[in-house]
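In order, the protein sequence lines correspond to chains A and B. Going by our numbering, the first residue of the first sequence is number 36, and it counts up by one from there. Going by our numbering, the first residue of the second sequence is number 121, and it counts up by one from there.
Since the hints were derived computationally from the structure, they do not count as laboratory data. Check before you lean on any hint, since a few could be wrong.
[As the list claims (entries may be wrong)] Pair by pair, the computed Cβ-Cβ distance ranges are:
1) A:PRO459 <-> B:GLU179: 56 to 62 angstroms
2) A:ALA328 <-> B:PRO348: 52 to 58 angstroms
3) A:ARG465 <-> B:LEU176: 25 to 31 angstroms
4) B:MET314 <-> A:VAL320: 54 to 60 angstroms
5) B:ALA175 <-> A:ALA262: 22 to 28 angstroms
6) B:ARG359 <-> A:GLY475: 48 to 54 angstroms
7) A:PRO451 <-> B:GLU194: 30 to 36 angstroms
8) A:ARG214 <-> B:ALA175: 52 to 58 angstroms
9) B:THR332 <-> A:HIS348: 32 to 38 angstroms
10) B:HIS221 <-> A:ALA455: 56 to 62 angstroms
[Unchecked claim] Incomplete in silico selection of chain B near chain A, CB under 7 angstroms:
11) MET121
12) LYS122
13) ASP123
14) ALA124
15) PHE125
16) GLN254
17) HIS256
18) ALA294
19) THR298
20) GLY299
Keep in mind that this is a model prediction, so the values were computed, not measured. Yeah, the Cβ is synthetic: ideal placement off N, Cα and C, and Gly gets one too.
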Amino acid sequence: MSADTTVSVTGWGRTAPTAARLIRPATYEEAAAAVRECGARGGIPRGLGRAYGDAAQNAGGAVFDMTGLDRIHAIDADGGTVLCDAGVSLHRLMEVLLPLGWFVPVTPGTRYVTVGGAIGADIHGKNHHVSGSFSRHVLAFELLTADGGIRTVTPGTPLFDATAGGMGLTGVILTATVRLHPVETALMTVDTERATDLDDLMARLTATDHRYRYSVAWIDLLARGAATGRAVLTRGDHAPLDALPKGARARRDPLAFRTSRFPAAPASLPEGLLSRTTVGLFNEVWYRKAPRAQKGRLQRIASFFHPLDGVPHWNRIYGRGGFVQYQFVVGYGREDTLRRIVRRISEHRCPSFLAVLKRFGDADPGWLSFPVPGWTLALDIPAGLPGLGAFLDELDEEVAAAGGRVYLAKDSRLRPDLLAAMYPRLDDFRALRAELDPRGVFTSDLSRRLTL
Amino acid sequence: MKDAFGIPQSLLVLGGTSEIALATARRLVARRTRTVWLAGRPSPALEQAAAGLRALGAEVRTVAFDALDPESHEAVLGKVFAESDIDLVLLAFGILGDQAHDEREPVSAVRVAQTNYTGAVSAGLVSAAALQAQGHGSLVVLSSVAGERARRANFIYGSSKAGLDAFAQGLGDALHGTGVHVMVVRPGFVRSRMTAGLEEAPLATTPEAVATAIELGLRRRSETVWVPGALRLVMSAVRHLPRAVFRRLPV
Numbered sequence: 036m037s038a039d040t041t042v043s044v045t046g047w048g049r050t051a052p053t054a055a056r057l058i059r060p061a062t063y064e065e066a067a068a069a070v071r072e073c074g075a076r077g078g079i080p081r082g083l084g085r086a087y088g089d090a091a092q093n094a095g096g097a098v099f100d101m102t103g104l105d106r107i108h109a110i111d112a113d114g115g116t117v118l119c120d121a122g123v124s125l126h127r128l129m130e131v132l133l134p135l136g137w138f139v140p141v142t143p144g145t146r147y148v149t150v151g152g153a154i155g156a157d158i159h160g161k162n163h164h165v166s167g168s169f170s171r172h173v174l175a176f177e178l179l180t181a182d183g184g185i186r187t188v189t190p191g192t193p194l195f196d197a198t199a200g201g202m203g204l205t206g207v208i209l210t211a212t213v214r215l216h217p218v219e220t221a222l223m224t225v226d227t228e229r230a231t232d233l234d235d236l237m238a239r240l241t242a243t244d245h246r247y248r249y250s251v252a253w254i255d256l257l258a259r260g261a262a263t264g265r266a267v268l269t270r271g272d273h274a275p276l277d278a279l280p281k282g283a284r285a286r287r288d289p290l291a292f293r294t295s296r297f298p299a300a301p302a303s304l305p306e307g308l309l310s311r312t313t314v315g316l317f318n319e320v321w322y323r324k325a326p327r328a329q330k331g332r333l334q335r336i337a338s339f340f341h342p343l344d345g346v347p348h349w350n351r352i353y354g355r356g357g358f359v360q361y362q363f364v365v366g367y368g369r370e371d372t373l374r375r376i377v378r379r380i381s382e383h384r385c386p387s388f389l390a391v392l393k394r395f396g397d398a399d400p401g402w403l404s405f406p407v408p409g410w411t412l413a414l415d416i417p418a419g420l421p422g423l424g425a426f427l428d429e430l431d432e433e434v435a436a437a438g439g440r441v442y443l444a445k446d447s448r449l450r451p452d453l454l455a456a457m458y459p460r461l462d463d464f465r466a467l468r469a470e471l472d473p474r475g476v477f478t479s480d481l482s483r484r485l486t487l
Numbered sequence: 121m122k123d124a125f126g127i128p129q130s131l132l133v134l135g136g137t138s139e140i141a142l143a144t145a146r147r148l149v150a151r152r153t154r155t156v157w158l159a160g161r162p163s164p165a166l167e168q169a170a171a172g173l174r175a176l177g178a179e180v181r182t183v184a185f186d187a188l189d190p191e192s193h194e195a196v197l198g199k200v201f202a203e204s205d206i207d208l209v210l211l212a213f214g215i216l217g218d219q220a221h222d223e224r225e226p227v228s229a230v231r232v233a234q235t236n237y238t239g240a241v242s243a244g245l246v247s248a249a250a251l252q253a254q255g256h257g258s259l260v261v262l263s264s265v266a267g268e269r270a271r272r273a274n275f276i277y278g279s280s281k282a283g284l285d286a287f288a289q290g291l292g293d294a295l296h297g298t299g300v301h302v303m304v305v306r307p308g309f310v311r312s313r314m315t316a317g318l319e320e321a322p323l324a325t326t327p328e329a330v331a332t333a334i335e336l337g338l339r340r341r342s343e344t345v346w347v348p349g350a351l352r353l354v355m356s357a358v359r360h361l362p363r364a365v366f367r368r369l370p371v
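Just chain B, with the same shape it has in the complex:
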């Protein structure tokens, strides 16, 4: 069960090698979280992530999960929920893709969309149903500011996050009053493996800062969290810029 501050005792990470997810898990394990499930494609990285959390004192299990295989989600996640209550599901899988390459290879672009959006729709709905049955729990969905307004440089990724974001908001409304809390997290540019080699955007942040914001959001039972918080204002302005102006911005 979550405590009075929204800190979970059990955590399921979908996308078990995500740096933001692992930073969040570390933070929560330092508090109350004792059981962690890391779901992801079996890999040395996944096992290494599990070992890292075990070293902090958590009981960690890995589970084979593939965002691109929605047919399997019900069975795979069903097994996790059947073992015991999950207080927090962190939906953290996602790929950035390579915009220039993906524009030339539509099949690669579709893979970005299928991972970030289709996979999340399936895993999100399966998780939501299980959380609703247990009458409590949080679903934290890692969205992105990229979904707030599509920009030339990464609109394939951005559109997939826009879909995910809209889906998660609607899911949160659908679950209102059921004891289940859905929180959409919109980080800006996060310095991580995913963005290695990219030019840094203004207001860049770190996985640790996102983790801090998630913990605060859990305590406040927030529905939307921007990281850093200043992006809420910035993006509100950006969203209303005329297309002709936005196009010419160096973003």
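If we strip away everything but chain A, and leave its shape as in the complex, we get:
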């Protein structure tokens, strides 16, 4: 085990840094020892640090960096399952599994998340309306609990439902068995179309989403007036082998996983680079350059799912002040709330160039799992935007009043008293933690802030 070092830790949004001892276990025994010896201020597992807020930091305590435990133990290439350590990234899984004709069941907008983090945040992807969230595809995992013991946890048990979406607060996931999705190629067939405003967008998504495995809409939240909510829809599925043109390079090696990599964002960028003007300009160009309607374009997995992964440290473009991700969901039938919030965001002139709208399908049983059937909107905003805190508080009120919720993996600022309204199983979660971990060994800045 590496020597303990006290480091300043933040989430991907780079706000609210706190100091913790970083421990990087290389074996399960070291992980168990780290949990047993983590001290009065507890510890929290951390993967690749892509949670935007404070979920994987623990001020004054320990942070268990799980990326040292990254072995893939077994792949069932016939049945389509993988057994691996929790510290394995989805990127690594894609590298290994794609040549065998398998893909991860669910991927978020980045492949640099670990399997443990994917379960802890119960991540969702562009296929949620078809496939649900990540935990639906988890057949079992091993959990290191506060007493230092290791339990095998399977779906349908309270411990599974508390851990899926439980933000690492029930224990440290050591290994997981995940069911995979079969693919014939490493390419996607993609349909693109433009929507002129929010109502047009919602109508298109409602009418045709079921035809696509993957679906997402990039939405221009700086557009106002009649264009409010104009968007570019990108939807598709894994390309079958016969969709590749004969004689093409891809045809010879259809399962090759290719990624592109641009230079990293510089470490220090001025504040206010992403202003209303620059983002407005970007959005205009982005909207205009999208085809009005295009069918069946072939695209690499990396560019379809993870366009930002090509730019290492892209979170630096927000400057020293960092940024806030705001993602909420409101159920079907609450389109009025969605319309009102979109209008308010565009009136507030939030310079957001990564705003995404999609439809969720059925929820999974995780008690603090985020997705519920409905509309989800995600956007990022520079934390330095004046009045942003109060503005987002007002949006929270609207979301909660509509029976919706915000996503804990992205949260860094929710008012604690709204949490119970958003997550009705919160009391069950607290009760299970009180029993499983009475001393509060697993503690994070998120759990302190929201009294999880």
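The hints should help you fit chain B onto chain A, whose structure is shown.
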């Protein structure tokens, strides 16, 4: 814990009747702050301050604290930190003294120095250690432009603030990288009880304006905040004036 905008959930005010501190507390309570500790000498004013914040919805407790009794600081503040994390410590106690009187009565002058400087050294170090142990938090120190350059009219007060300011800057450097943030706030002339009856200086400001600047500084994790901001430039010029010229200025 502080949120993404640096707004604390729990606040400890050292100098619980300070108008600037209370204006800041009101502002923070309107956002995320739910728990407030007001530390000060027990008095009706302290209880009244607590009642005012309670009316805004905060859970407020008062604690007997005397800047002039550094020996007690460890025990008194230790108890507060033992209860729960403190996200923000606002070091706001201080007295102006009466320059003419204090020049004649050195013992009174020493009291100004002991309150504003010695007391702050002790309370600041005790707070800093506790914040460092919890791995997060901000220490906001109310300094003054008076500490930037001593002037004839209030050099006793000014020298005590100069000491405090230098101490707080050094403390901030010492705590860099520990998760603890130290912010020095240098207001100009603030219209308040402390300055009642004094002739107003140019660029005079209010406790509310200082509170606004503190909230902004927390969000930006600033190390130094001038209120109003224009004083940064003004004082930079004043500091470099030759003594002979400065002496003759009507300040």
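Taking the hints in turn, this is what the structure says about them:
1. Take PRO459 (chain A) and GLU179 (chain B): their Cβ atoms lie about 26 angstroms apart, and the range 56 to 62 angstroms is violated.
2. The given range of 52 to 58 angstroms is respected by ALA328 (chain A) and PRO348 (chain B), whose C-beta atoms sit roughly 55 angstroms from each other.
3. With their beta carbons about 28 angstroms apart, ARG465 (chain A) and LEU176 (chain B) fall inside the hinted range of 25 to 31 angstroms.
4. The supplied range of 54 to 60 angstroms is met by MET314 (chain B) and VAL320 (chain A), whose beta-carbon atoms lie about 55 angstroms from each other.
5. Restraint check, ALA175 (chain B) to ALA262 (chain A): a C-beta distance of roughly 46 angstroms breaks the suggested window 22 to 28 angstroms.
6. Roughly 50 angstroms separates the CB atoms of ARG359 (chain B) and GLY475 (chain A), a value that falls within the hinted 48 to 54 angstroms.
7. Our hint of 30 to 36 angstroms for PRO451 (chain A) and GLU194 (chain B) holds, since their Cβ atoms are close to 31 angstroms apart.
8. Checked against the given bound of 52 to 58 angstroms, the beta carbons of ARG214 (chain A) and ALA175 (chain B), roughly 56 angstroms apart, stay inside it.
9. Remark: the range hint 32 to 38 angstroms for THR332 (chain B) to HIS348 (chain A) is upheld by a beta-carbon distance near 33 angstroms.
10. Checked against the hint of 56 to 62 angstroms, the C-beta distance between HIS221 (chain B) and ALA455 (chain A) comes to roughly 58 angstroms, which is consistent with it.
11. Checking MET121 (chain B) against chain A by beta carbon gives a least distance of about 4 angstroms; that is within 7 angstroms, so the hint holds.
12. Evaluation of the LYS122 (chain B) hint against chain A yields a held restraint, the C-beta minimum of about 5 angstroms falling below 7 angstroms.
13. Nearest Cβ of chain A to the Cβ of ASP123 (chain B): about 4 angstroms, under the 7 angstroms cut. The hint holds.
14. Proximity of ALA124 (chain B) to chain A holds as hinted, the smallest CB-CB distance being about 4 angstroms (cut-off 7 angstroms).
15. Nearest Cβ of chain A to the Cβ of PHE125 (chain B): about 4 angstroms, under the 7 angstroms cut. The hint holds.
16. At its closest, the beta carbon of GLN254 (chain B) sits 4 angstroms from a beta carbon of chain A; the interface hint therefore holds under the 7 angstroms criterion.
17. With 7 angstroms as the threshold, the beta carbon of HIS256 (chain B) comes within range of chain A, its nearest partner Cβ sitting at about 4 angstroms, so the hint holds.
18. A least Cβ separation of about 14 angstroms between ALA294 (chain B) and chain A goes past the 7 angstroms threshold, and the interface hint is therefore violated.
19. The criterion of a C-beta within 7 angstroms of any C-beta in chain A is met by THR298 (chain B), whose closest approach is roughly 5 angstroms, and the hint holds.
20. For GLY299 (chain B), the shortest C-beta to C-beta distance to chain A is roughly 3 angstroms, which falls under 7 angstroms, so the interface hint holds.
The structure fails to meet hints 1, 5, 18 from the earlier list, while all remaining hints are met.
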